[in-house]
Structures are given as structure tokens and as C-alpha cells.
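Protein chains: 8
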Amino acid sequence: MKKTSVRTRVLTGTVAVAALAAGVGAVSASAETTETPAAPAAVKADTQNKDLAQTTGLTIDAATRAAQAALDAATKAGQHVSVAVVDRDGVTRVLLKGDGAGPQAPESAERKAFTAVSWNAPTSELAKRLAQAPNLKDIPGTLFLAGGAPVQAKGAPVAGIGVAGAPSGDLDEQFAQAGVAALAK
Amino acid sequence: MKKTSVRTRVLTGTVAVAALAAGVGAVSASAETTETPAAPAAVKADTQNKDLAQTTGLTIDAATRAAQAALDAATKAGQHVSVAVVDRDGVTRVLLKGDGAGPQAPESAERKAFTAVSWNAPTSELAKRLAQAPNLKDIPGTLFLAGGAPVQAKGAPVAGIGVAGAPSGDLDEQFAQAGVAALAK
Amino acid sequence: MKKTSVRTRVLTGTVAVAALAAGVGAVSASAETTETPAAPAAVKADTQNKDLAQTTGLTIDAATRAAQAALDAATKAGQHVSVAVVDRDGVTRVLLKGDGAGPQAPESAERKAFTAVSWNAPTSELAKRLAQAPNLKDIPGTLFLAGGAPVQAKGAPVAGIGVAGAPSGDLDEQFAQAGVAALAK
Amino acid sequence: MKKTSVRTRVLTGTVAVAALAAGVGAVSASAETTETPAAPAAVKADTQNKDLAQTTGLTIDAATRAAQAALDAATKAGQHVSVAVVDRDGVTRVLLKGDGAGPQAPESAERKAFTAVSWNAPTSELAKRLAQAPNLKDIPGTLFLAGGAPVQAKGAPVAGIGVAGAPSGDLDEQFAQAGVAALAK
Amino acid sequence: MKKTSVRTRVLTGTVAVAALAAGVGAVSASAETTETPAAPAAVKADTQNKDLAQTTGLTIDAATRAAQAALDAATKAGQHVSVAVVDRDGVTRVLLKGDGAGPQAPESAERKAFTAVSWNAPTSELAKRLAQAPNLKDIPGTLFLAGGAPVQAKGAPVAGIGVAGAPSGDLDEQFAQAGVAALAK
Amino acid sequence: MKKTSVRTRVLTGTVAVAALAAGVGAVSASAETTETPAAPAAVKADTQNKDLAQTTGLTIDAATRAAQAALDAATKAGQHVSVAVVDRDGVTRVLLKGDGAGPQAPESAERKAFTAVSWNAPTSELAKRLAQAPNLKDIPGTLFLAGGAPVQAKGAPVAGIGVAGAPSGDLDEQFAQAGVAALAK
Amino acid sequence: MKKTSVRTRVLTGTVAVAALAAGVGAVSASAETTETPAAPAAVKADTQNKDLAQTTGLTIDAATRAAQAALDAATKAGQHVSVAVVDRDGVTRVLLKGDGAGPQAPESAERKAFTAVSWNAPTSELAKRLAQAPNLKDIPGTLFLAGGAPVQAKGAPVAGIGVAGAPSGDLDEQFAQAGVAALAK
Amino acid sequence: MKKTSVRTRVLTGTVAVAALAAGVGAVSASAETTETPAAPAAVKADTQNKDLAQTTGLTIDAATRAAQAALDAATKAGQHVSVAVVDRDGVTRVLLKGDGAGPQAPESAERKAFTAVSWNAPTSELAKRLAQAPNLKDIPGTLFLAGGAPVQAKGAPVAGIGVAGAPSGDLDEQFAQAGVAALAK
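Protein chains in written order, with the numbering used here: chain C, 1 to 185; chain A, 1 to 185; chain V, 1 to 185; chain H, 1 to 185; chain D, 1 to 185; chain L, 1 to 185; chain Y, 1 to 185; chain X, 1 to 185.
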């Protein structure tokens with residue numbers, strides 16, 4: 001796989017939100033048939049062997065740094081949370097159960113991360129889409145609660161960060177975004 | 001089991017929708033007691049041994065062709081999806097996880113296919129029936145999101161095709177119907 | 001355990017419905033605190049050994065007869081269903097997957113039977129109670145769809161019969177009641 | 001699907017054992033590469049629509065009769081057992097938990113039936129094959145204990161009958177064979 | 001871990017309710033971002049080894065006494081229930097399935113206890129919060145039905161008590177609170 | 001159901017071992033076909049209604065007393081264990097996770113209790129039977145490690161007590177037997 | 001597939017076996033501490049963004065072609081099998097349940113493929129290693145039966161192909177290798 | 001980490017092995033009844049409230065540092081592994097799936113850590129004990145493969161570290177011990 005002058009950037013979740021704001025509604029499950037432009041995929045054909053494709057993901061160092069940044073943000077705010085980073089296949093790369101986090105937090109964090117990377121959007125946005133497609137939340141492995149943020153490379157989802165345990169999902173998501181932000185540095 | 005001049009036809013999902021439109025509402029879980037005519041079953045008694053019955057299903061060649069057609073339709077539309085074909089017993093015959101499809105897609109596709117073959121109707125229709133019988137969606141293995149289409153032989157369900165991963169369930173179902181259509185050729 | 005002249009009767013579900021109609025609403029999860037009279041339990045202390053108790057249930061012959069009666073009623077009505085009989089512990093005693101029944105039917109039948117015996121009421125009644133206590137349906141193992149009927153002895157639940165697969169839950173429950181009725185003969 | 005003069009026979013398990021005895025060893029997992037003749041399959045192409053195939057199975061009446069015969073044989077011998085009949089897809093068609101059968105019996109019966117229909121042989125035979133291929137028993141859903149017997153039509157497996165709960169697996173299998181024998185009448 | 005003059009008190013659930021009443025709404029999943037003060041955690045750093053932390057929980061004697069008190073309260077009221085006590089990690093310490101309790105009761109009791117200790121609030125309160133954050137109830141392991149009460153030490157959750165099986169969740173919770181009260185003596 | 005002069009006794013596990021010692025080997029899965037006498041079942045037909053049967057079990061008071069006695073015996077010996085009491089259906093009636101017991105202990109205790117009640121023998125005896133029937137241990141829900149003891153009434157199994165967490169299974173079983181002994185008083 | 005001077009080759013399983021033959025024994029779980037050279041990983045750091053890494057996998061077209069080739073080889077040999085292709089994350093990309101394949105086949109095929117890609121070796125080789133490290137087979141998701149083959153790119157595992165259903169594991173693996181071979185063309 | 005005169009030490013795994021060597025054999029499941037001295041528990045009664053007890057565990061900072069040290073050791077040795085740190089309740093505190101680690105590695109790592117903390121011994125030692133008590137490995141959640149090491153405080157287990165993915169379990173355990181060692185500094 002050859003990459004030339006294009007700079008691979010990891011967008012922060014904030015930017016992701018903005019980018020997605022325009023496309024909100026495109027995920028509605030049954031109310032429309034407008035063919036929206038396909039989202040870019042983090043899978044590229046191998047130019048030298050047509051049977052192979054490359055999938056972009058985070059290194060474990062980057063994933064750990066992001067998770068730690070999310071946890072630090074929560075700790076700084078006096079909150080007890082769990083943090084998960086999952087890859088594009090939905091597989092957990094990093095899980096941290098913070099001191100004092102409740103027993104429900106780790107799986108919540110993983111599911112928020114899974115949901116964010118599946119739809120390439122923050123779970124706070126995705127939760128709003130349930131108004132149009134309420135049964136989306138019945139898809140196995142998902143959790144439509146604020147606290148999940150996608151990590152993107154060239155607009156494609158390469159990972160998801162999920163946080164759970166704070167008194168509000170918005171707080172959780174703020175910490176998750178702190179994790180995403182740590183990757184852009 | 002003797003079959004004479006009647007041509008066994010595999011109806012496309014579109015026809016199936018039309019056929020079912022008349023019967024919509026018949027599935028309501030608790031609101032009515034009208035005895036609707038029984039749907040035809042894909043199980044026939046064996047004329048030579050009363051203990052045996054024949055169940056009709058797709059060959060693996062047909063199931064693979066249908067799945068590939070659904071995936072091709074999605075690819076042509078620039079969408080990254082997973083496709084599943086399940087038989088009348090709800091068992092997966094073919095599963096394809098397309099390039100770039102999200103981690104939530106394969107099980108969603110299987111559940112949509114399972115739901116379509118269970119009720120012999122497209123999941124877009126079935127999702128509407130939840131207005132009358134909301135708890136139908138609590139039945140294990142189901143997913144009431146557009147994207148599933150039944151495959152029928154003489155009106156009886158012989159398989160289900162499910163697609164998941166496009167930005168709307170209607171798109172998913174369009175691809176599933178392309179899979180059904182490939183069987184009618 | 002002393003039993004005198006009282007005849008142990010297995011009430012049909014229809015009577016059960018009447019008995020429960022008066023108590024409907026008593027199951028609301030959080031809206032009220034009225035202490036309703038406790039339901040009779042099918043567990044009796046052993047008069048000769050205070051450590052032992054007797055639990056009443058159906059014999060396998062009775063359970064099989066009831067299941068067969070429910071299936072026969074469905075077949076007579078031209079419907080393809082599954083039938084389950086569970087005991088007071090929620091354990092399946094009989095499961096019949098009828099010819100042509102869909103893949104979703106067996107587990108649906110078991111869950112309806114489980115739900116009916118857990119609350120000692122037909123699931124059509126229980127589904128109505130969700131209006132007051134919607135989260136009841138989140139209890140593991142349950143299904144709040146018509147089609148389940150309790151079997152009672154002296155008012156206490158000793159088994160549940162569940163039917164699934166007909167185009168309406170009311171039909172399913174009619175067949176389940178036919179199963180209960182077969183025990184009263 | 002037209003069947004003419006060939007009589008569809010349901011072989012008893014005893015005959016099946018004999019037929020398989022010659023082929024014992026053919027299932028060894030890794031020790032040999034001799035290409036043994038393929039077993040006949042209970043799936044036939046549909047002569048009028050190349051996309052369809054017919055799978056042979058038992059009617060619910062036959063399956064229930066077989067299960068009842070197995071349970072009766074156990075009761076006559078003073079044993080408390082559970083009986084299961086599964087179809088070629090491994091799906092349970094009939095489950096009977098007899099009076100006094102232990103809590104481990106129903107799932108054991110289902111797994112024995114599943115194993116017998118999967119390999120088209122009695123589980124007492126299959127258990128012996130573990131000497132050569134010990135890891136066969138790690139395949140999900142299986143149980144390599146005597147007590148399971150295949151039901152065959154023209155040599156192909158169309159169902160499995162499993163019994164569990166007697167003090168020895170050989171007794172369990174004797175009852176399972178009584179179930180198979182009830183189909184040959 | 002050094003503790004001086006502060007008396008470690010186990011608050012009754014009633015007090016907990018009062019304490020939480022002020023904070024109700026703080027759990028809303030997505031509607032607000034106000035940073036509420038963090039709840040106290042039952043995990044303390046070890047003053048002598050910074051790598052270690054102490055988590056406070058109930059002794060098995062205390063947990064058993066609380067469970068028994070809850071069961072006694074139910075029995076006195078003529079109700080058949082199950083009682084569970086879980087620790088701060090969500091692990092069950094005590095489970096009692098009372099005479100005549102339905103098959104759905106034990107897992108309901110465990111989930112109510114799990115939910116109460118996870119959010120440090122009675123489940124009757126938590127159920128109300130679903131009005132603002134309906135998807136909270138999709139978090140694995142939870143059950144948002146009245147009947148669960150937190151056990152607190154210095155305001156932090158150290159255990160949860162759950163009761164299930166009475167005709168109303170409010171009754172269940174009354175019994176759970178009786179369990180909490182037994183710890184304050 | 002009438003019981004006259006026969007005294008219902010709860011045998012201690014020690015006696016049970018003796019009684020079973022004579023029958024050891026009867027459980028071999030495939031090596032023999034000797035028809036051993038059937039074990040007595042804790043299910044009795046109801047003399048007044050042929051459709052009903054009575055199953056004998058422990059009261060919750062007795063089950064709790066037994067569990068507590070087992071835990072006390074372990075504590076006295078300085079061991080940290082979990083104790084479980086399950087009924088004849090394999091359902092957990094009491095679970096106690098003692099102070100300092102490892103995370104593997106509760107489920108081990110439940111499985112030992114389940115195994116003991118399923119075969120009506122101490123698990124130390126059952127483990128020996130694996131020499132003849134090694135695949136018995138593949139039956140779901142079982143654990144063939146010393147530490148489980150059956151509770152019997154008139155020779156029939158009415159409950160199982162399991163203990164796990166001590167440095168040897170023999171110690172675990174000694175504590176389980178202390179639980180059984182508490183019922184005979 | 002044409003490959004010229006570029007060195008990215010997809011090795012056939014046969015070559016893989018040869019390559020691994022030299023290293024056999026290196027996977028023993030506990031018997032040795034010799035630090036063997038690390039296997040090459042199919043994950044490469046991104047030269048332009050140190051936080052990103054590329055993982056190599058098969059395109060869905062290649063995976064489908066390989067699965068079809070394996071199924072064709074089985075059909076040609078008169079065998080009824082299931083075929084699975086999983087990626088380096090163990091996620092199923094393609095599943096085909098062939099006509100007449102038993103109910104145990106699909107999950108067996110997936111587990112063989114999972115095992116082959118996890119250890120980068122054919123499962124026939126891996127099964128031999130159990131002689132030294134018997135507990136390897138207790139790792140969740142694995143199956144140590146012949147029939148799985150790794151797909152490699154530059155020596156690193158990029159996919160696994162599993163086949164199940166033939167009378168011997170060696171036959172299954174022969175078909176899996178036919179699938180791998182289809183990628184080298 | 002500075003430790004002065006206080007005796008709370010976190011022993012390295014190497015020391016733990018030595019300490020345990022004397023006690024090896026004490027875990028045999030059924031072969032002996034010698035009452036070995038009880039292991040110290042990481043649960044202490046609260047001197048001021050007899051209902052409360054303190055459980056010692058690692059802080060998230062310490063657990064993360066240990067996991068990172070284990071991963072670094074593996075990376076330095078050129079191995080691709082997953083690392084897990086679980087607490088005394090068996091709950092995962094940290095999970096890291098390293099770059100290039102196989103799909104089987106994360107759950108293997110968690111189970112090794114679970115096993116080590118459950119028996120307070122390295123899994124290489126525990127695997128040897130299977131010679132005497134082979135069924136220990138049937139306990140749910142465990143994995144008896146080298147690669148797990150306990151973390152101790154005053155001799156009691158407070159956490160477990162598990163590593164999986166290297167070509168030998170001994171290598172895995174070497175990395176796990178590096179994680180333990182990082183806590184002693």
C-alpha cells in the first residue's frame with residue numbers, strides 16, 4: 001500500500017461531530033430512501049495484490065494514550081469511570097476500570113465505543129436518531145447513550161472510545177472526546 | 001410428494017410485499033381474534049411414508065448467488081454491508097461480511113433474515129406492525145429493522161435474506177430484494 | 001400436609017382470567033403500595049418434617065396431553081405452531097415444534113409459558129399491565145405477548161402453557177387454553 | 001420431487017449400527033486421508049427448480065410417537081429419563097422431561113440426539129471413535145455418551161433421538177432405540 | 001488505611017433516598033452537561049502503599065442478616081419472594097429463593113440489587129430517571145423496577161439489596177429497605 | 001397425598017455415601033448394560049388428581065440453615081469458601097459467598113451441588129466414576145470435583161449442597177456434609 | 001491473480017505447513033522457555049502517522065473465492081461440508097453451509113478457521129502440539145481438529161479457512177487447502 | 001513507589017512461586033484430607049463497624065503500570081501479546097490487546113489472570129497440579145496454561161496478571177512476572 005503526499009490526520013471527535021451534523025438523519029432505518037453518499041471506509045485495496053486489503057487502526061500505544069487521557073479527564077473532574085477503546089472490528093484494544101467505577105461501567109464503556117465506531121458518530125448524536133428509527137437500539141452489542149466518540153482517519157472510523165460512570169452521559173462523552181483529542185497532538 | 005404442472009416459482013420480494021399487503025395486520029399480537037387463513041407452509045407430508053415430511057429450501061448455489069447479488073447491489077451503490085441468507089429453520093446458510101462493513105452488520109443481517117423468514121414478510125412491513133404489537137420485537141433472534149426479505153416458493157417462506165450496514169434500512173432492504181430477484185431469473 | 005374433602009381441581013385458564021381480572025393492576029411496579037393479598041403458593045410445608053416442603057406440578061402424562069391438545073387445536077385451525085409446557089420452576093417439561101412452525105416459535109412458546117406461570121395469569125392479561133409497569137418486560141426469560149396460560153391447582157400456579165406461531169397472539173392463547181382445558185377433563 | 005417405486009424406509013437404530021460398524025474409523029479426525037464414500041444426504045435437488053432442494057424430516061406426529069415410545073420403555077424399566085427428538089438441522093422437535101428425571105437430563109438428551117444426527121450413528125459408537133479423534137468431543141453442541149440414536153431414511157439421517165437419566169448410557173440408548181423402532185412400524 | 005473519629009455509618013435506604021432526592025436528574029444521559037459533584041467512592045488509597053486501595057463491603061454475616069431480614073419482612077406480609085445482596089463489584093454475596101417464589105424472581109432480585117449499587121440509589125428512584133434517559137435500561141445487568149436498595153457507608157455504595165416476587169415493586173422495595181435497616185442496628 | 005406412619009427422614013450425606021457405595025459403577029456410560037434397580041424419585045403422584053404430582057424439597061429455612069452450617073464449618077477450619085444449595089430441579093435456593101472466597105468459588109459451589117443432586121451421590125464418589133465414563137463431565141452444568149453432597153428424603157435426592165474454595169476438595173466436601181448434617185437434627 | 005516482481009505472496013497452506021514444520025514445537029505452552037524468533041505480524045506502523053497501523057486482510061471477493069473453491073473441492077469429492085473464512089481478528093468474513101452438511105459443521109468450520117489464524121498453522125499441525133500442551137484446547141473459540149488452514153501474506157497470518165463435515169479431518173483440511181490455493185492463482 | 005518501615009509489600013511473582021512451592025499439592029481436589037493452614041485473605045474486618053470489611057486491591061494507576069510493563073517486556077522480546085489485570089473479584093481492571101496479537105489472546109490473558117488470583121499461584125504451577133486433580137480445569141472462567149501470575153499483599157492475592165500470545169506459555173509468564181515486578185519498585 002503506497003501513500004504519498006496526503007497527510008493522514010486523526011480528526012478530533014469535535015470535528016467529527018461537525019462533519020456529521022450535516023449528515024444527521026442519514027442513518028434513519030426506515031423512513032427514507034434517499035441514497036446518501038457512502039461514508040469512506042478504513043479499508044483500502046492493496047495495489048500490489050488484489051486479494052489483499054489494508055485496514056487502518058490505532059497502535060496499542062495510541063489507544064492506551066487515548067484511554068489514559070479520557071480517564072485523566074474524568075479523574076480531574078472528580079468522576080469515577082471506565083474507559084474502553086475498540087477497533088474498527090469492534091474488538092476491545094484497551095479497557096480501564098477506574099478506581100471507584102461501578103460494576104455496570106466497563107461493559108457500558110465497551111458498548112458505547114462499539115456503537116460509535118459502528119456508525120462513525122458520537123453516541124450523543126446517535127441517541128437522537130432513535131426518534132426516527134427506535135429499533136436501531138435492538139442491534140446486539142450497541143448502547144445508545146452519550147459517552148462514545150469515534151476516532152477517524154481521513155473521515156473513516158478507525159476506532160471508538162467509550163466512557164461510562166459519570167452522573168451524566170454528556171460528562172462521559174466529554175471525557176471520551178478528551179481521549180480523541182489526545183490522538184491529534 | 002407429487003408435483004405436476006404447477007411451476008414452482010420463487011417470487012421476488014416485491015411480489016411478496018404486494019401479496020402480504022392485503023394481510024397486513026394479521027400478525028397483531030393481541031388486538032384481534034379474527035382467524036385469518038393459515039399461511040402455506042414449506043413442509044409437505046411424504047405420500048409414501050406418513051412419518052416423513054419434506055421441507056423446501058434453497059440450494060447452497062442459489063443461496064450464494066442471492067447473497068452475492070445483494071452484496072453487488074450494495075457495492076454498486078457505494079455501500080459497505082453484510083449479507084446473510086438463512087433457511088426456514090433460521091439457520092445461516094451464507095454470511096458475507098463486505099469490505100468496510102461495520103462490526104454490528106453481520107449479526108444485524110442475520111437477525112433481519114431470521115425475522116423475514118419467520119413471519120414471511122419484509123422487515124420493513126414487520127416494523128410497521130409493532131405499532132399494534134410492540135412486544136413482538138422481544139422475541140429472541142429477531143430484529144425489526146428494514147433490510148430483511150423473505151424468499152418464497154408457492155407462497156411459503158423457504159429462506160430469508162438480510163442486509164445491514166447502509167445508512168438507511170430502506171437501502172439495506174433494496175439490496176436484499178436484489179438478492180431475492182437473482183433467484184427468479 | 002393434610003388434605004381433606006377439598007377436591008384438587010385444575011382450573012381452566014378461562015376461570016383463571018376471571019379470578020385475576022379483579023386483581024389486575026396489582027402488579028404495577030412502582031405506582032402504588034397497596035398491599036394486595038398474597039397469591040396462594042403451590043408449595044406446602046411437610047407436617048412430619050419441618051425441613052421439607054411439597055411442590056405441586058403436572059405429571060409428564062398430563063403435561064404431554066395438554067401440549068398435544070394445544071397443538072391439535074392449532075392444527076384444526078390450520079395454524080403452524082410450537083407448544084411448551086413449563087413447571088412452576090420455569091423448567092420445560094414438554095416442547096413440541098409443530099410441522100411448519102417458524103424458527104422463532106419454540107423459544108417464544110417457552111417464554112410465554114414461563115411468563116404465565118411466573119405471574120399466574122394469561123400473558124394477554126399481563127401484556128396489558130405493561131401500561132403501568134413497562135419495565136416488567138425486561139425481566140430475563142419473559143415474553144409479554146398473548147399466547148401463554150397458567151395451569152392452576154387450588155388457585156396456585158403449577159404449570160404454564162405457551163403457544164407461538166399463529167398470525168395473532170389471541171389465536172395462540174386460544175390454543176394454549178385448549179391445552180389447559182384438556183387437564184380439567 | 002417425484003418418488004416412484006423405492007420404498008422410503010425408516011431404519012431402526014440397530015440396523016444403523018450394523019451399517020456403520022463397517023465404516024467405523026472413517027470419522028477419525030486426523031489420522032488418515034482415505035477418501036471414504038460420502039454418506040447419503042437427506043437433501044435432494046428439486047427437479048423443477050434448480051434453486052430449491054428438499055430436506056426430509058419427521059412429522060411432529062412421528063417425532064412425538066417416537067419420543068413417547070422411548071419414554072414408555074424407560075418407565076417400564078423403572079427409569080426416570082428425559083427424551084429429545086431433533087431434526088437434521090439439530091433443532092429440537094420434541095422434548096419430554098419425564099417424572100423424576102434429574103435437572104441434567106433434558107440438555108443431555110438434546111445433545112445426544114444432536115450428536116447422533118450429526119454423525120448418523122449411535123452415540124455409543126461415536127464414543128468409541130474418540131480413541132482415535134479425542135477432540136471431536138470439543139465440537140459445540142455435542143455429547144459423546146451412549147443414549148443417542150439416529151433416525152434414517154434411505155440411509156440418510158433425518159432425525160436424532162436422545163435419552164438421558166438412566167444409571168447407564170447403555171440403558172439410555174436402549175430406550176432411544178425403542179423410540180426409533182416405533183417409527184418402523 | 002487510617003480512620004479516625006468519623007463514625008462509619010450504614011445509612012438506611014430511606015436516608016439514601018432523601019440524600020439522593022436532591023440530586024435526582026443528575027443521571028440524565030444526554031440532556032445536560034452541568035458537572036455535578038462527584039459521589040463519594042467506597043475505594044480509598046492505602047496510605048502506606050500507593051499501589052493499593054481498600055474497597056469497603058459487607059461481611060458475609062452482615063449480608064446474610066440483611067437478606068434474612070428482607071425475606072422475613074416479606075414472609076410476614078404473606079409474600080413469596082427472592083432476595084439478593086450484591087457487593088460493590090456487582091458480585092452476588094447472598095441469594096435466597098424463598099418458598100413459593102416464582103422462577104423469574106431470583107434473577108430479578110439480583111438485577112435490582114446490581115442496579116441499586118451501580119447508581120447508589122433505590123431502583124424506584126432510578127426508574128423515574130428513565131423519563132429523561134430511557135436507554136439507561138439497556139445497560140447489561142440492570143433492571144429498572146422498584147425493589148432494589150443501596151447500602152451505603154459514609155454515603156458511598158458498598159452493597160445493593162434486591163427483592164422480587166411481590167405483586168408490586170413498591171412492596172418488594174419495602175422488604176429490601178427492611179434488609180438495609182437490619183444493618184443499621 | 002396421604003402420609004401415615006413412615007417417618008420422612010433427611011439422611012446425612014455420610015449415610016448416603018454408604019448407601020451408594022454398593023451401587024457405585026452403576027453410572028458407567030457405556031461399558032455395561034446391567035439393569036440396576038431404579039433410584040427412588042422425590043416425585044409422587046397425587047392420589048386425588050391423577051394429573052398432579054408432588055415434588056419434595058427443602059424449605060428456605062432448612063436450606064439456609066444447611067448453608068450456614070457448611071459455612072460455619074469452613075470458617076471454624078479457617079477456610080474461605082462459597083456455599084450453594086440447589087433443589088431437585090437444579091435451581092439455586094441459597095448462595096453464600098464467604099469473606100475472602102475467590103471469584104471462582106460461587107459457580108464451583110453451584111455446579112458441585114447441581115452434580116450431587118443430579119446423580120444423588122457425593123461428588124467425590126462421582127469423580128471416581130469418570131474412570132469408567134470420562135465423558136460424563138461434559139454434561140452441561142456439572143463439575144466433577146469433591147465438595148458436593150446430596151440431601152435425601154427416603155433415599156431420593158431432594159437437594160444438593162456444594163462448597164468450593166478450600167485448598168482441597170475433600171475439605172470442601174467435609175463442610176458440605178456438615179451442612180447436610182444440620183438437617184438431620 | 002497476477003503477481004510479478006512484488007514480493008507480497010499469499011502462500012498456499014502446503015507451503016505454510018512446510019514453513020512451520022521447522023518451527024513446530026515453538027508453540028508448546030509450558031514445556032520450554034527457548035525464546036523463539038517472533039512470528040511476523042500482519043500489522044504495520046503507518047510511516048506518516050505514528051498513531052496508526054495497517055492490518056492486512058483478504059478482500060471479500062478473495063475470501064468468497066477461497067470459500068467457494070473449498071466447497072467445490074468437497075462437492076467434487078462427494079462430501080457435504082461447511083466452510084468458513086475468518087480474518088486476523090477472528091471475525092467471520094464468509095460462511096457457507098453446504099447442501100447436506102450436518103448441524104455441527106458451521107461452528108466447527110468457524111472454530112477451525114479461528115484456530116488456524118490464531119496460531120498461523122494448519123489445525124492438523126496444531127492438534128499434534130496438544131501432546132505437549134494439552135490445555136491449549138481450553139482456550140475459548142478454538143477447535144483442535146484437522147480442517148483449518150492459515151492464509152499468509154509475507155509469512156504473517158491474514159485469514160483462516162476452516163472446513164467441517166467430511167468423514168475425516170484430513171479430508172476437511174484438504175478442502176481448506178484447496179481454498180487457500182485458490183488465492184495463489 | 002516508596003516503602004519505608006511498613007510491612008505491606010507487594011511480592012514479585014518469583015517470590016510468590018517460592019512461597020507457594022512449599023504448599024504445592026495442597027490444592028488436590030480429592031486425593032487428600034490434610035487440613036492445610038488457611039491462606040491469608042485480602043479481606044479485613046472493619047474495627048469500627050462489624051458489618052463492614054475492607055478488600056485490598058490495586059489502584060488503576062498501579063494496574064495500568066503493571067500491564068504496560070508486561071506488554072513492554074513482550075515487545076522488547078519481539079512478541080505480540082495481550083495483557084490483562086484482574087482484581088480479587090475476578091473483574092478485569094486493565095486489558096491491553098497489543099499490536100499483532102491474535103484473536104485468541106485477550107480472553108486467554110483474562111482467564112490466566114483470573115486463575116492466578118483465584119488460587120494465589122502462577123498458572124505454570126497450577127497447571128502441574130492437574131496431574132492430581134485434572135477436573136480443576138473444568139471450573140468456569142479458568143485456564144490452566146502458563147502465563148498468569150498473582151499479585152500479593154502480605155501474602156494474600158490482590159490481583160492477577162495474565163499474558164497470552166507468545167509462542168510458549170513460559171514466555172507469557174515471564175512477561176506477566178515483569179508486570180508484577182513493576183509493582184515492587
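Since the hints were derived computationally from the structure, they do not count as laboratory data.
Treat the hints with caution; some may be incorrect.
Claimed, not checked - Taking lysine-lysine and the DSS-like style, the derived pairs with C-alpha atoms no more than 30 Å apart in a straight line are: (1) X:Lys128 to D:Lys154; (2) C:Lys137 to D:Lys137; (3) L:Lys50 to V:Lys76; (4) C:Lys154 to C:Lys137.
For each hint, the structure was consulted:
1. In summary, the hint linking lysine 128 of chain X to lysine 154 of chain D is not supported, as the alpha carbons are separated by about 46 Å, beyond the 30 Å threshold.
2. Restraint check: the Cα-Cα separation between lysine 137 of chain C and lysine 137 of chain D comes to about 11 Å, which is no more than 30 Å; the hinted pair holds.
3. Taking the CA atoms of lysine 50 of chain L and lysine 76 of chain V, the gap is about 27 Å. The hint holds against a cut of 30 Å.
4. For the hint linking lysine 154 of chain C to lysine 137 of chain C, the alpha-carbon distance of about 27 Å falls within 30 Å, and the restraint holds.
Violated hints amount to a single one, hint 1; each of the other numbered hints is respected by the structure.
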